[in-house]
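There are 2 protein chains.
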Amino acid sequence: MNVKHAETSVAATLTEQVLERLETTPDPRVKYIMQSLVAHLHDFVRKVNLSEEEWAQGIDFLTRTGQMCNERRQEFILLSDTLGISMLVDAINHQRGGAATENTVFGPFHVEGSPQLPYGADIRFGVEGELTFVHGKVLSADGQPVAHAQMEVWQVRPDRLYDVQDAQAPHMQLRATFHTREDGSYAFWTVKPVSYPIPADGPVGDMLNACGRHPWRPAHIHFRIRADGYQTLVTHLFAAGDAWLQSDAVFGVKDSLIVAFNPGTAIHPDTHETAALEVEYDFVLAPQMS
Amino acid sequence: MNVKHAETSVAATLTEQVLERLETTPDPRVKYIMQSLVAHLHDFVRKVNLSEEEWAQGIDFLTRTGQMCNERRQEFILLSDTLGISMLVDAINHQRGGAATENTVFGPFHVEGSPQLPYGADIRFGVEGELTFVHGKVLSADGQPVAHAQMEVWQVRPDRLYDVQDAQAPHMQLRATFHTREDGSYAFWTVKPVSYPIPADGPVGDMLNACGRHPWRPAHIHFRIRADGYQTLVTHLFAAGDAWLQSDAVFGVKDSLIVAFNPGTAIHPDTHETAALEVEYDFVLAPQMS
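If you're matching them up, the sequences are chains A and B in order. Quick note: the working numbering has the first sequence finishing at residue 290, numbered continuously throughout. Quick note: the working numbering has the second sequence finishing at residue 290, numbered continuously throughout.
Hints should not be assumed to be uniformly reliable.
Any copy, or any two copies together, can satisfy a pair, since identical chains are not distinguished.
As the list claims (entries may be wrong) - The calculated lysine-lysine pairs, modelled on DSSO-like cross-linking and capped at a C-alpha distance of 27 Å, are:
(1) Lys254 to Lys137
(2) Lys254 to Lys192
(3) Lys31 to Lys137
(4) Lys31 to Lys47
(5) Lys137 to Lys192
(6) Lys254 to Lys47
Hints are computed from structural coordinates only; laboratory data are not their basis. What you are looking at is a predicted structure, and each value in this text was computed from that prediction instead of being measured.
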């Protein structure tokens with residue numbers, strides 16, 4: 001028996017042994033996931049002939065990634081995003097036909113309980129930037145208005161940080177929760193979002209660096225729209241013309257989500273400024289699957 | 001185009017996109033590992049049709065695993081051990097033919113800088129248990145003694161904890177560093193090791209529980225033996241007759257590493273007690289590969 005054959009045989013036997021040990025898993029779905037995970041991880045280790053030093057680097061990387069997480073930072077979501085896993089899970093779970101607006105990645109910067117604001121409110125909360133008026137409707141697939149839909153919006157500040165990344169931020173900024181009017185309409189005032197690097201001072205930044213990859217995301221506004229009888233829509237609107245649209249660090253861009261920030265004409269109800277920019281976009285919700 | 005086809009196609013395109021993004025990786029080995037990792041992880045996600053809730057549970061599990069790690073606890077090594085990854089890496093990297101002693105898992109309880117002790121010393125350091133005399137030789141594959149080999153030993157206490165798991169332990173216990181004599185011989189006094197559960201109060205314990213698995217390891221003594229011109233040997237000696245030999249939680253048992261703890265006859269040089277048990281084992285080192 002030659003050494004190569006022995007190696008293959010020992011390694012395969014071990015995988016069988018682990019899969020068999022998982023046969024006792026009471027929940028069939030957990031069993032299926034765990035057995036598939038073990039099979040794929042073992043295949044990976046065998047395929048690349050992982051060295052002990054590489055294994056130790058992997059353990060250290062995963063440990064540092066976990067320890068980087070806190071209330072303001074979720075490094076494992078960043079890792080999932082930058083490896084395309086998040087968008088893959090999204091693609092598997094949100095395959096929509098027809099007119100329905102496409103999903104994209106949720107990201108790590110959403111906050112529960114953002115301020116509840118009325119139609120046409122201002123979410124700047126003291127942030128300075130190019131005044132932008134965003135408006136449109138939430139519709140069903142057959143073009144009917146969806147009234148009272150809950151729409152959460154959140155976006156980055158012109159200094160390239162989300163409020164949650166700034167421990168000095170006095171309160172929530174550039175995030176709010178709206179509800180559509182009877183005719184499905186929504187509107188709010190904000191600043192133009194900027195392209196920004198994902199946090200690159202941790203293990204995920206090290207990984208991007210080792211792979212010769214940049215950490216930039218094209219400018220976008222996040223939306224989560226929820227309404228009874230419809231699938232929840234988690235998506236972004238991306239600013240047309242952004243330099244990073246072709247190489248988003250988290251693979252989130254879809255052509256249908258790129259919108260023009262046109263010169264504005266709307267007048268701000270309180271400050272009477274004219275909008276520098278204006279975005280109009282109608283979201284289309286897919287029906288809840290029964 | 002039906003929905004199933006669209007799903008497959010979107011998901012496959014995404015994987016291609018991520019693999020292509022990794023083409024810029026400067027180091028060819030890093031590139032190969034990263035591309036293979038992404039391909040295998042994406043295959044896994046697609047194969048099990050991972051739901052968003054399951055993805056979120058995975059993120060939470062990995063985060064908690066990282067946050068469980070500290071100077072005394074390495075939860076990601078435990079995870080690797082309990083999924084058979086550690087033994088697989090070992091099998092790939094330490095395929096030895098002929099008489100050479102087999103490797104097994106390193107485990108998370110080794111400590112650098114254990115006390116340097118002479119031939120025949122006592123490593124109990126105040127720990128009570130069945131007095132055991134362990135002795136034998138370190139040999140080359142052709143049966144010649146290996147003089148001055150460094151032999152580190154470490155083992156669990158009869159209370160089922162390693163010294164490093166006990167914040168109250170006044171100093172190192174049941175661990176030491178020896179060097180073989182001119183004739184390759186080694187010897188030390190200890191207590192009989194016991195079978196013990198791996199730490200099960202963290203995420204890995206939750207995983208074992210969800211899989212209907214127990215956390216027990218059969219009783220063993222750890223060894224790491226290093227000598228110039230030979231491959232480093234990381235292994236255990238397992239106590240014959242242990243109830244957990246067939247189902248070691250970390251898949252570490254190999255038949256050739258199971259040894260008898262026989263009734264003892266040796267006399268302790270300081271206390272003049274007779275050994276309750278005696279283990280004789282000769283380790284055989286494989287030559288360094290050039």
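We went through each hint and held it up to the structure:
no.	hint	in the structure
1	Lys254 to Lys137	within (20 Å within a copy, 66 Å between copies)
2	Lys254 to Lys192	within (20 Å within a copy, 63 Å between copies)
3	Lys31 to Lys137	neither (44 Å within a copy, 45 Å between copies)
4	Lys31 to Lys47	both (24 Å within a copy, 14 Å between copies)
5	Lys137 to Lys192	within (20 Å within a copy, 74 Å between copies)
6	Lys254 to Lys47	between (33 Å within a copy, 24 Å between copies)
The structure does not agree with numbered hint 3 stated previously, though it agrees with all others.
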